[in-house]
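S.K.: Sequence:
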Amino acid sequence: MRVVFAGTPEVAVPSLDAIAASRHELVGVVTRPDAAQGRSKRLVPSPVAQLAEELGVPVLKPEHPREPEFQAALKALEPDCCPVVAYGAMLPQSALDIPPHGWVNLHFSLLPAYRGAAPVQRAVWAGEEISGATTFRIVKAMDAGPVFGTMTQALAPDETSGSLFEKLTAGGAGLLVSTLDGIEDGTLEAREQPTDGVSYADKITVNDARIDWTQNAVAIDRQVRACTPAPGAWTLLDGERFKVGPVTVTEDTAPPGELVVRKNEVLVGTGTTAVRLGRVKAFGKKEMPAADWARGVRLESGVAFE
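Using full-length UniProt numbering, you'd call the opening residue of the sequence shown number 1 and step up by one each time.
Quick list of the computed label-pair ranges, beta carbon to beta carbon:
(1) Ser-40 to Ala-282: 18 to 26 Å
(2) Phe-283 to Glu-78: 49 to 57 Å
(3) Lys-140 to Val-206: 26 to 34 Å
Bear in mind the hints are in silico, worked out from the structure with no lab data behind them.
Every value quoted in this text rests on a predicted model; they were computed, and no experiment measured them.
For glycine and all other residues, C-beta sits at the position ideal for the given N, C-alpha and C.
Can you build the whole structure from these sequences, using the hints too?
M.R.: In structure tokens form, the structure reads like this:
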């Protein structure tokens, strides 16, 4: 088939790479416009755009896919199908109608669970033992289209959003290519999602990522892992913000937020047992192991995170 791939962030790159290496003809890529980065605000192409340029594939960067100029350019590419991974913009019906086989999305959850913007983070935060990815035909309603295929992935006890993304993007790339194969061969039939088990995964904001040390240790462990690497779980010490990496639940105890500084570890009290800090990053500083951070700032037991 002639395909036009739509995607933007790093998590979409493995799928683009897999499609480029498949039997399908990659005739174009759609991605979000270049974004300003750093203090210089220099415009930088998305990771998907960068790979597409390396592959020598035409790249379309509409401000919004409803633009007539974009839709005309897409029609000119004559795609049979448009595979999508984390594109980042709502597609109007006029764009959805262009490819005969529609737009096929790779979503990182087992639909209908965790529809929405942050399925991986929310699955980790909820303590799910199994996650996965789903391919489905995009319809007007969010992540509600008929399903072509799924893959499952067990979560490790110390799974972070970052490590789960790595597993799902790798496995999902293969799922997306096999879905395109099945559509072309006529061996795959999309089936409507069940009406039971629908849940939504709202985007995790910076405010959501602030740790409440009065919560129980297991809840804090899940929150921190869900926010690793982004947006990063954080807390305050003497009014200064610190990001903290994954923590480990212990059997020690301390008042909520209070630090216990030892030679090779730093513990923090919670609403139940204490947790051991993994890594700490002060604003504008390098990330480092918690014990090294405590030694560097001459931290003593008894101070408390806010």
